[in-house]
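Peer 1: Protein chains in written order, with our numbering: chain R, 484 to 782; chain X, 484 to 782.
Careful, some of the hints might be misleading.
The list cannot tell twin chains apart, which means a pair is met if one copy fits it or any two copies do.
25 Å max Cα-Cα, derived DSS-like pairs, lysine-lysine [said to hold, decoys possible]: (1) 761 - 722; (2) 598 - 733; (3) 761 - 733; (4) 770 - 687; (5) 722 - 733; (6) 598 - 685; (7) 770 - 598.
Honestly, the hints are just simulated from the structure, not real lab data.
Protein chains: 2
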Amino acid sequence: MIIDGEKVIFSFDAAMEAAYVAEAGSALTVKTHDCFYQHMLEEGSCISTFEMDSANPATGPIYVEGAEVGDILKVSIEDIEVADRGVAMVIPGAGFLADQNVEETKLIIPIEDGKAHLLGLELPIRPMIGVIGVAPEEGDSYPTNTPWNHGGNMDTKDITAGTTLYFPVRQDGALLALGDAHALMGDGEVGVTGLEIQATVKLKLDVIKDKDLAWPLLETEEATMLLVSGDDVEDALRKGLEHTLPLLQKGLDLSWNEATILASLSLDAKISQLVDPKITVRYPIPKSILSTERILEIL
Amino acid sequence: MIIDGEKVIFSFDAAMEAAYVAEAGSALTVKTHDCFYQHMLEEGSCISTFEMDSANPATGPIYVEGAEVGDILKVSIEDIEVADRGVAMVIPGAGFLADQNVEETKLIIPIEDGKAHLLGLELPIRPMIGVIGVAPEEGDSYPTNTPWNHGGNMDTKDITAGTTLYFPVRQDGALLALGDAHALMGDGEVGVTGLEIQATVKLKLDVIKDKDLAWPLLETEEATMLLVSGDDVEDALRKGLEHTLPLLQKGLDLSWNEATILASLSLDAKISQLVDPKITVRYPIPKSILSTERILEIL
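In isolation and in its complexed conformation, chain R is listed as follows (with noise of 0.2 Å):
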C-alpha cells in the first residue's frame, strides 16, 4: 500500500480523523516532507517568508486496523530513501545557542552517492526519521515539533532503517503520522535542523495485544531504549533513568540499587535532541545485558 503524503496533520491530537487504513501485518510505502514543507528548497527563499503554522507536516493519520486502546503498535522501519537534495538551516533566535544565532543561512545541500555534499565537504548520509507518533491520550493535543509520550518530534538519530519502534495505543486505530526525515543529524542538533529532506519510508506494522508503554521504545541491531521527554536536559535525563531503571530492575531481577549500579556501568546517557519545545533522551539497554524481548515480556 502506497501512502502518497497528499494528506498530512501538524498536531497530534486525540480527536484526529483516520486519513488512510491499513491492516495490521501489512506493508506500507510512505511519502513524507521535509519539516519546511519543501519551501525552503528554492534559492532566495527564506524563513521569514515561511509560514511556522506549515512546519513539521506529518504524513497521515494512519488507522491500523486491529490497533486498540490498550495495546502497542509496533512499527518496523525497513528502509528510507531520501531525496536527492535537501536544506540545512540557521534560524534567528533558534538552536541550542539561540542568543548568538542572530542572521539566517539556509545551505541547499545536494546528496550524490550517499554522501551529502556541504561546505567543501561529503558527509555519508544517516537517513532517519524526525517526527512520528500516534495520537495522544483523550483530550490532548501537540504540535509535531513537539515530543511527548505518543511520540512527535524525539528527532533521534537512531530512529533508521532497520529499527523497530513500539508506540502506546491511546486512541482505536493507533493514529500513526510520520515526516521529517533527516539526511543526517548529530545527537544534540544543536543547530535547530538536520538535513531536513523529503522521504520515501517502507514500513510494516503490527500490533502487540494488551501490553502498555510509557514512553515510546525504540529497537535497534544493538539495543533497546525508552525515547523520554522532558522539560529541559536535566529533567528529560531524570525521567529517562527513572523509566529506564525498572526495565532492568524486572528483566534482571535486581533491586532498584543493583540496577542503578548495572545503569552506571553499562549504560550511556544519550542526548536526541536539545533543540525542539521538549527536550529528548535515551539509555540504549545493550541486548548483551538484555534482550527486546524479555523488555516486552515484562512490559
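Take the given structure of chain R and dock chain X to it, following the hints.
Peer 2: This is chain X only, laid out in the frame that chain R set:
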C-alpha cells in the same frame, strides 16, 4: 621510570609541590589508587566508616621538565592495566537520582579474563582514567573530585589506552597527577561510581611549546574533543558547544553559522558524567571532518 603511588594529592592546587620529576619525552609507569583509596575492598567495609577526605587520591604531582607556563602538556596513554577486583556502589544521597538512593549498596566485583562479574552478568571491561589533570592557574585549587579546566575528575569513558590528552600548562612543570581508574563506566556515571579499581598506567609525556587551550583536549582513534565542565548539564552543554564551534570555524575556515550547521549535522553532544561537583560533556569532532593536527595548529 616507575611511579609507585605512595605520594598522592587530594586537590589540584596552583601551589602544590612536585612529588616526582620526569623528563619531557619520557615514558612512565604510574600506579593509581581506586577512588576509595582501597578502603571499600574489604567485605563489611562501608561508606559511613570511610573518611571522604581520603576520596579520589591522585598519584603525583609529577613535575615534567621543560613544561613551562603557556605550553601544552601532551599525555599519551599507552596502557591501563587494572587490578583483579574493584568495587561499585550506591551511596546514600549521591548519584544522579540522589533522592532515590537512600540505602548503601556495595558490590565487590572480580575481574577475570577481561570481564567484570556482577549481578549474574559478565561484562567486558573498558579501562579508563577518571581523574587526571595538572596544576591550575595561580591562586586556584580544586579538590580531586571536581573537574574543571585543569582536568581533574572528568570521568570520561573515552580516556582509555591509545588516546592522548592535551592540558594547558599553568604552572612550570605542569604538575600532572592521576588516579580513580574505572574498569567500566557508562556515559553519565549515573549511580556516582564506575567500577572503581587500582590500575597501572603507562604514559608518555611530551611538551608542545607556546600553545594555549581553554579546556583539556582528548584525541581518540576517531575523533578530537574538548572536555568541558559546567555548573549543570545544560551549562556544560552550552559551554562545550561554544568552545567547540570555533575549532570548526578556524579549522575549516567557516562562518559561525556554517560551523553551527556542520555541528548540528555531524557532531554528537555527549555526556561524560552527571554526578560530580561540576558536570562534564564533550562534542567529538570526527577526524574525517577535521584532523587533530589541524586543531593543534590553530590553537
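Peer 1: Taking the hints in turn, state whether each one holds.
Peer 2: The hints, checked one at a time:
1. When the C-alpha separation of residue 761 and residue 722 is checked against a cutoff of 25 Å, the pair qualifies both within a copy, at 12 Å, and between copies, at 20 Å.
2. When the C-alpha separation of residue 598 and residue 733 is checked against a cutoff of 25 Å, the pair qualifies only between copies, where the shortest distance is 24 Å, while the shortest distance within a copy is 43 Å.
3. In the homo-oligomer, the alpha carbons of residue 761 and residue 733 never lie at most 25 Å apart, since the shortest distance is 28 Å inside one protomer and 32 Å across protomers.
4. In the homo-oligomer, the alpha carbons of residue 770 and residue 687 lie at most 25 Å apart inside one protomer (22 Å), although the nearest pairing across protomers, at 37 Å, exceeds that limit.
5. When the C-alpha separation of residue 722 and residue 733 is checked against a cutoff of 25 Å, the pair qualifies only within one copy, where the shortest distance is 18 Å, while the shortest distance between copies is 38 Å.
6. In the homo-oligomer, the alpha carbons of residue 598 and residue 685 lie at most 25 Å apart inside one protomer (21 Å), although the nearest pairing across protomers, at 40 Å, exceeds that limit.
7. Proximity of residue 770 and residue 598 under a CA criterion of 25 Å is satisfied inter-copy only: 17 Å between copies versus 30 Å inside one chain copy.
In terms of the numbered hints stated before, the structure departs from hint 3 and from no other.
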